[in-house]
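Undergrad: Construct the entire structure; sequences and hints are all you get.
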Amino acid sequence: MNAHNFRQKSLTITLTFFVALMLIFVFSPAIAQTEKAAEGTGQNLPKSVEAPKSVDDRDLELRLQRIFETSGWVPELKVEVREGLVFLSGRIHSEAKKTWVLKIIEQTKGVVAVIDNIEDSRSRAVLSPVQEEVGSIIDKAERMTPYVLSALIILVLFGFLSYYGARLSRRIVDTKTRNVLLSSSVGNVVALVIIVLGLYFALRSSGLSTLAVTVLGGSSFVGIGIGLAMKSVFENYSASLMISMREIFRQGEWVRIDDVEGIVHSVTTRGTSLMDFDGTVITIPNSKVTDATIRNYTRNPAMRTDFVVGVDIGNSIEAVRKAALEALKGVEGVQQEPAPMVLVADLAPTTIKIRVYFWFNAVKHGRAGIRSAAIQCVLRGLKDAGIELEADSREITFKNPLALGRAHTIDEKAQANDRAPGDRRNSPSVSAQAPAEAPPATPSEIGNIKKQAAATAPPEKGENILET
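Read in order, the letters of the sequence shown are residues 254 to 721 in the working numbering.
It is possible that part of the hints are untrue.
[To be verified] Derived lysine to any residue pairs resembling SDA-like cross-links, with alpha carbons at most 25 Å apart:
1. Lys541 x Arg503
2. Lys575 x Ala621
3. Lys362 x Ser342
4. Lys393 x Ile407
5. Lys606 x Glu571
6. Lys617 x Val561
7. Lys575 x Met594
8. Lys617 x Glu590
9. Lys356 x Asp310
10. Lys606 x Val562
What the hints contain is simulated information worked out from the structure, not anything from laboratory work.
TA: This is the structure we're talking about:
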């Protein structure tokens, strides 16, 4: 037997027991009264009765009624006398009181016999608490029915008002801004206020004014408690409102939030998700996003980058500058406005550190690729111009002069062999060479990351509140 069948059978048994109990409660007094009457008739019926004529039935009945009313013990007892026979009916809740009543009647002059039709109160005593409770519930339900109906009508009315009030408030906000999250939040707040007012008026109409005031007063304390318990949740939610209202960034833009750099994937009511250039999705809580330093590289696609090149100190700085600027003109993607710059970054005993700055479109070209192409072109241009680059300096210590002389001789021979075909600095073959073609600049990684972000499932559940 499965659990469902067991529950059904248990419910059937319970209902059957309840119906049987109610039938006993309804019909037991009548059955007891009938049986008692028959029993009383059989037991108390005398074989021969001599009814005294000296006592009137009416006087006897009045006398017994006055005795029982004066005692106050049997308020539900009814007495009737006919031809000297005393008929008893009603209820007596104590067996001792019943014995006392019968004794009083037997001692009264003029009584021929007693017909006992008194109801058996034992079944009543068992079911009386249930009967009283059910009756009390029914009475309260009858009295509360108008109040409950009025409260339901008020709640339904305020439910419709909250629905249409929320829709109207959203439309009003939508006319001012296209922020979906803001309009939804305003609509929810308006609906909540109307529902709380409806609950207050419903309780007032039900006669529960004290409870209505308690609900309004307690709701503020409940709100404070919930706010303290869910502090971080509300912080992130309010921060998401600020992000969507101020439009700090949009979906697909290249941003840097503190130390995290990547393409904006989505923003929910809890956090902001970025996909970095390694393809990793990183989620940052919105409360930290609003407090962080944000760099948006997409709003202004023009980006500047630089690199350093070292040349021999014997070279002309002006010649180096002209050669580098001329080489940058052949690099695809390098912008001439703003113009590139070649500046001296540092000096050393044997070298000059030259820093080259240039601008490019970060949306179209990747920073690493265009920087690599620029370095290659500048290096080739400097060599074509006969500019010597810095050489690694080494310090050599000799312990014996003979070794120093031999090393000097070997070094001179090596230099002579290197210069044998002619000095490269003045060699016409090098200067007459056609410049090699500049390496192409690689496209920007942003497009690839955007495609990956679009194909990636959201890192957490929730509606994206950003506009693309």
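Undergrad: Are the hints correct? Go through all of them and say.
TA: For each hint, the structure was consulted:
1. Proximity of Lys541 to Arg503 is assessed by CA-CA distance (about 17 Å); at most 25 Å being required, the pair is judged to hold.
2. As the CA atoms of Lys575 and Ala621 are separated by approximately 24 Å, the hinted pair is consistent with the 25 Å bound.
3. As the CA atoms of Lys362 and Ser342 are separated by approximately 21 Å, the hinted pair is consistent with the 25 Å bound.
4. Restraint check for Lys393 and Ile407: satisfied, since their Cα atoms lie roughly 21 Å apart, inside the 25 Å limit.
5. In summary, the hint linking Lys606 to Glu571 is supported, as the alpha carbons are separated by about 13 Å, within the 25 Å threshold.
6. Between Lys617 and Val561, the direct Cα distance comes to roughly 24 Å. Compliance with the 25 Å bound is thereby established for this hinted pair.
7. Restraint check for Lys575 and Met594: the C-alpha separation of about 10 Å stays at or below 25 Å, so the hint holds.
8. For the hint linking Lys617 to Glu590, the alpha-carbon distance of about 16 Å falls within 25 Å, and the restraint holds.
9. Between Lys356 and Asp310, the direct Cα distance comes to roughly 19 Å. Compliance with the 25 Å bound is thereby established for this hinted pair.
10. A C-alpha spacing of about 6 Å is found between Lys606 and Val562, which places the hinted pair at or below 25 Å, so the restraint holds.
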